[in-house]
Amino acid sequence: MKFLLRTLSLSYVRRHMAKTLLTLLGVVVGVATFSAIRSAQGTLVQGIRSTVDRIAGKAQLQITMVGGVPEEVQERIRELPGIRATSPVIEQIVVPEKGELGSLLVIGIDLLGDREMRDYGFDGQDADLDDPLLFLAQPDSALFTREFADRAGLKIGEAIAVRAPKGVKRVTARGLLSPKGFSEAFGGNLMVVDVYAAQELFGRGRRFDRLDVRLDQGTSIAQGIATLEQALGPAYRVETPSRRGEQMERIVANFVSGFNISSGFALSIGTFLIFNAFNVAVNRRRRDIGTLRALGATPRQVQFLFLAEGLLIGIAGGIVGCLTGTMLSQGFLRMMGQTTETVYGVTSSGTVHLPPGIALESMALGILASLVGAWGPALTASRIPPTEALAKGAFQARLPTRVAPRIAAGCVALGCAILLAMYPPLGGNQLILSVLLLGGTGLVLLVGPLSRMLLQLFIPLAARFAPVSGRLSSDALLGSPRRTSGTVMAMAFSLTFVLGFGGYMGSTKATMTRWMDDALTCDLFVRASANFSRPDFLFPGALRDELLKVPGVRTVESYRGVHPLFRGQPILVGSIEVGPTMDRTKFEYLQGNPEAMRRGVTREGMCTVSENFSRKYNLGVGQQVELVTPSGVVRIPIAAVLRDYSSDQGMVLIDRTLFLRLWKDDRIDIFDVSITHGADAGQVRNAIRAQLAGKYPALVSTRKEFTAEINKAIDAFYALTRVTVFLALLVAFLGIVTSLLISVAERTREIGILKALGALRSQIGRSIVLEALALALTGLILAIPAGNLFAAFMEGAIAEFFTGWRMPHHYPWEILGQLLIALPLVSAFAAWIPARQAGRMKITEAIEYE
Amino acid sequence: MQRGMFSRKVLLSVIVATFSTIICTGLAWGADARALLRESENRHRTKTQQYAGELTVVNKDGKVRRKGWKSFREGYAGDARNLIRFTDPPEVKGVGFLSLAKPGKNPDQWLYLPSMKRERRIATQDRDASFVGTDFNYEDMEEFDHEKYKVALQGEKTIDGQPCYVIVATPLESAGKSVYEKKVLYLRKDILYLLREDLYLKGDRQPGKLFFLSDLQNVDGHWVARKWEMHDLKKGSRTTVLLKEVAFDRPQAANRFTLQNLNREGGD
Chain A
0 MKFLLRTLSL
10 SYVRRHMAKT
20 LLTLLGVVVG
30 VATFSAIRSA
40 QGTLVQGIRS
50 TVDRIAGKAQ
60 LQITMVGGVP
70 EEVQERIREL
80 PGIRATSPVI
90 EQIVVPEKGE
100 LGSLLVIGID
110 LLGDREMRDY
120 GFDGQDADLD
130 DPLLFLAQPD
140 SALFTREFAD
150 RAGLKIGEAI
160 AVRAPKGVKR
170 VTARGLLSPK
180 GFSEAFGGNL
190 MVVDVYAAQE
200 LFGRGRRFDR
210 LDVRLDQGTS
220 IAQGIATLEQ
230 ALGPAYRVET
240 PSRRGEQMER
250 IVANFVSGFN
260 ISSGFALSIG
270 TFLIFNAFNV
280 AVNRRRRDIG
290 TLRALGATPR
300 QVQFLFLAEG
310 LLIGIAGGIV
320 GCLTGTMLSQ
330 GFLRMMGQTT
340 ETVYGVTSSG
350 TVHLPPGIAL
360 ESMALGILAS
370 LVGAWGPALT
380 ASRIPPTEAL
390 AKGAFQARLP
400 TRVAPRIAAG
410 CVALGCAILL
420 AMYPPLGGNQ
430 LILSVLLLGG
440 TGLVLLVGPL
450 SRMLLQLFIP
460 LAARFAPVSG
470 RLSSDALLGS
480 PRRTSGTVMA
490 MAFSLTFVLG
500 FGGYMGSTKA
510 TMTRWMDDAL
520 TCDLFVRASA
530 NFSRPDFLFP
540 GALRDELLKV
550 PGVRTVESYR
560 GVHPLFRGQP
570 ILVGSIEVGP
580 TMDRTKFEYL
590 QGNPEAMRRG
600 VTREGMCTVS
610 ENFSRKYNLG
620 VGQQVELVTP
630 SGVVRIPIAA
640 VLRDYSSDQG
650 MVLIDRTLFL
660 RLWKDDRIDI
670 FDVSITHGAD
680 AGQVRNAIRA
690 QLAGKYPALV
700 STRKEFTAEI
710 NKAIDAFYAL
720 TRVTVFLALL
730 VAFLGIVTSL
740 LISVAERTRE
750 IGILKALGAL
760 RSQIGRSIVL
770 EALALALTGL
780 ILAIPAGNLF
790 AAFMEGAIAE
800 FFTGWRMPHH
810 YPWEILGQLL
820 IALPLVSAFA
830 AWIPARQAGR
840 MKITEAIEYE
Chain B
0 MQRGMFSRKV
10 LLSVIVATFS
20 TIICTGLAWG
30 ADARALLRES
40 ENRHRTKTQQ
50 YAGELTVVNK
60 DGKVRRKGWK
70 SFREGYAGDA
80 RNLIRFTDPP
90 EVKGVGFLSL
100 AKPGKNPDQW
110 LYLPSMKRER
120 RIATQDRDAS
130 FVGTDFNYED
140 MEEFDHEKYK
150 VALQGEKTID
160 GQPCYVIVAT
170 PLESAGKSVY
180 EKKVLYLRKD
190 ILYLLREDLY
200 LKGDRQPGKL
210 FFLSDLQNVD
220 GHWVARKWEM
230 HDLKKGSRTT
240 VLLKEVAFDR
250 PQAANRFTLQ
260 NLNREGGD
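Going line by line, the protein sequences match chains A and B.
Residue 0 is where the first sequence starts when you use numbering that gives the first Met the number 0, and the numbers rise one by one after that.
Residue 0 is where the second sequence starts when you use numbering that gives the first Met the number 0, and the numbers rise one by one after that.
Looking at chain A on its own, in the form it has when it is part of the complex (with noise of 0.2 Å):
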């Protein structure tokens, strides 16, 4: 074999490096992007656990409540048997002025005490805090660690300017932590203050985001926490910081997962790619294969060598593959990482090292894709009888037999594929799996015969407009029909996976505007926090009062949302003055009515919830939502069931009066404005900036603002997606460069005797630009009815098992006009270099060629 592999493919990879490489292209991207993805995602949650883990430093539990832990609490526990020492703690995310330097995490916490805890790593005791009384008495005094300090310029007793919530906010460093333990959170970008300062300059109000906990030597994580929830009732969730952290991990799953898909469709379009290139080197090495089977080779000898082959390419493309998706990772995990911060509230931080179970997963899918993609070439070379192999163009023109049942299995697999996601027996990932599985098998069945039928259309219709170079093209493409259906292939599942990602998430933004110009119709939004998830500040309720007396405000409703645990899951419990909410919106109902939502809320202490939240939960009118509040444990009715894609892990809304009466907190997150008639919505918010103008932080939007805001915030959340689809279209690029290269150097001899006969130059390379157009188009058309299946299941089982919602279908005419215009300009470009390549061949080299 080793004589085989040095002789046979090390001389034909001589003679074909250009064409080599792009196969090792091929598997390289597809292992890139599924190796950057799963790093990256990897990095993400790891990242929002060692945060969770470093920043509570000694702390055995955790306490915390929604909305915040009253700072009385801490009081209330000091003198439990079996706490040693309690600790409060805030945290919030700052974006220093200075934007390169990244995110801050700031901890807020109490210096006095906060060494039970934390090893602040100061160089022996105090030596770095150079005057902690002056920490403590000036509320703008700050420590940073060394490895930011040095990054920012910044030394001690200077000062940095962050971005607060109530605008840029100068801090001044007053000691240095040492890199280790707790100061190793975030990567390192932390920022420490004092709790009470906190407080005052996040909003906090004289609470807490939580509690941290040591206990006493000997006594146990489950009798610190029965204690703890003893006395403190169910109200407050009291948790190892190990468990907190797979709670926030459980909150981007949903985000996370769907970047499986994305990596699994890489690797697929890759294998295509290999499939297709050794399908183009058993074709070439015909001649080769019949000699071996002359001189005694047996067929398995012929098949390993090509599987060999293809292991060595996979060994190859995975290891560059690895090196290319590290420098990819650190990319892609900043943008998951804007994304869960922004939706979210859920932050995390790290540099991306390739983990090396990911690079053993990663390079072992590459060799897997590369051995899958090798194996069916492999079998077709090892069948090749050696009188056939030997007997020129006989291979070459040969077509694939037996295509009735082949096109038969296709259209049952696909059909399977159909009917169980109409009609799917089972749910979650066993039902995405046998979809794609089945619906993947189909498709790679059913395009050999499609795209000849397709071809066979096409040829009449080029030979009208090019009649040489039309003829010569679907010569080509017709003469090789497993390099041109390998080609399509990877064309057709690239672009149904650029068609169908694209009709999920055009369908998910037209439906979000479709519902926020329905539910977001109040002319202003008074907001002091950017972020929609972890609220930076609450204005205080009495606030609604002094808006309502600025001129030209009409009403102002109050919007507060939580985030309580429903059945251990994160859920949104939202509040707002659900009357004169629901005389200015139109919603939509599932189940329930406008009236028995109006009675119901307002008057009788029920709520409506959200699609999703019904759907996750199996509830719906007439059965309770049970919740733990600060005021106990209380279920409450459910009016109606409503549309609504405020969150994507399920809405309850209450009365405002409701929420005040079970939180007992009139904190607000927004206050939404209408104006009076006539009023002008610019001037009203210029008075209502001037009104808060140094008291609060404010932002203040119109409800185009707004909206434009949102629609921001689902386009960071798709950014990475819309990466993963341009690398799969490079894939496929890849593919038709590949193929059509291949295609001028098995067409050499054919092009000399052209060229011999009178063929010029343009017209030999017009022939090769219409092979790349009728592949692109080819690919496209199969596609259209493939990506617009796929969209309908991203939309409907996918979206509905990750986020509870069923988006209604919507076909990506904008993507497909985009890609109409893009597809020829594409191809014509891949068509470039080999058309350049044969109209500077040679008649007499190229007669002599073979």
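The set of hints was computed from the structure by calculation and includes no laboratory data.
Don't take each hint at face value.
[Unchecked claim] Some but not every residue of chain A turned toward chain B, in silico, with C-beta under 8 Å:
(1) Arg77
(2) Leu135
(3) Glu199
For each residue, glycine too, the CB sits at the ideal point set by N, CA and C.
On the provided structure of chain A, position chain B as indicated by the hints.
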């Protein structure tokens, strides 16, 4: 046989006598230590005390930080109420510290920060934390109350040329948590005034900190050490407080030792 019996009786008597002597001596010294400390308290007890303090912290690298404060105390030892208000430098002016002793328990302590316009309670767990960056911790800021300690006279020693009683004071569990394993007190024999404390942190066999009181003067008929010095042997730093404008038994404002007064901007 009889000789044997006799010898055993003698031996038993000797052992009993020895043990009795040791126990009685111990009890007597314990009783002496308590009596000495009680007498010391009686002699030096004042209704009130006030002074202006000059605080200097020198860290192990020789870096010096200076602060100024005014201190007011009402009561003594187990019933002491103490208010400290920082006066200097301007960045820390107005920071206040209030300590209210509770019989048989740890005192209640608060720190007031003018920038936050609010007080913060010092929890028991924080008693070992440095008091505003000095070598004193919050427990050191309490008045010494011998009732919260098991005390024993260990012997005598000369400190700065003055013969002193050496008393070991071990914190009683029932009197609240202490950060110290024990304190060794050096009480000047002639005036029963404390000249030095060796402070052993929990689990330590060597003193972690040494507290010296010197420059004794008689003011208003009461002895007072005008210079306090706390050495942190682990950190290698030391804190000195120089007492100025010392006055005793001056009437104090009625609400001086309250949270309301602590929270009053600039209020003494």
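Going down the list of hints, with the structure as the test:
no., hint, in the structure
1, Arg77, "holds (6 Å)"
2, Leu135, "holds (6 Å)"
3, Glu199, "holds (7 Å)"
The structure is consistent with each of the numbered hints, conforming to all of them.
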